[in-house]
Amino acid sequence: MVEAEEVEEIADNARINLEEGEAEKFAEEFENILSTFQKLEEIDTEDVEPAFHPTETESETREDEVEETLDREEVFQNTENEEDRYFKGPSA
1 MVEAEEVEEI ADNARINLEE GEAEKFAEEF ENILSTFQKL EEIDTEDVEP
51 AFHPTETESE TREDEVEETL DREEVFQNTE NEEDRYFKGP SA
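The working numbering puts the sequence shown at residues 1 to 92.
If you're looking for bench data, these hints aren't it; they were derived computationally from the structure. Among these hints, one or two may not hold up.
In silico SDA-like links for lysine to any residue, alpha-carbon gap of 20 Å or less [to be verified]:
{"#": "1", "residue 1": "Lys88", "residue 2": "Val75"}
{"#": "2", "residue 1": "Lys25", "residue 2": "Glu3"}
{"#": "3", "residue 1": "Lys39", "residue 2": "Ala27"}
{"#": "4", "residue 1": "Lys88", "residue 2": "Asp64"}
{"#": "5", "residue 1": "Lys39", "residue 2": "Glu73"}
Remember, predicted model here, so these are calculated numbers, not experimental data.
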């Protein structure tokens, strides 16, 4: 069982100021969390394979296909912000 004194010690170590009554409240909440984990430990998972992702997914890849693109002159024809065949942006 989690005691209020343990919560106060942890709070002191973490340099957290607790208001009056908070240590008792947190001790109760920690106890609820720990009891939930205890319930999980009681579940029989002997025949269950580990899951590394919540849902089964397949990697959806596609074949690379060559597509026609614009040539350099077409790319830069509508901008004045070009230098050495690169778009020129504002200085950071």
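Broken hints, by number: When the structure is compared with the hints, numbers 4, 5 turn out to be violated.
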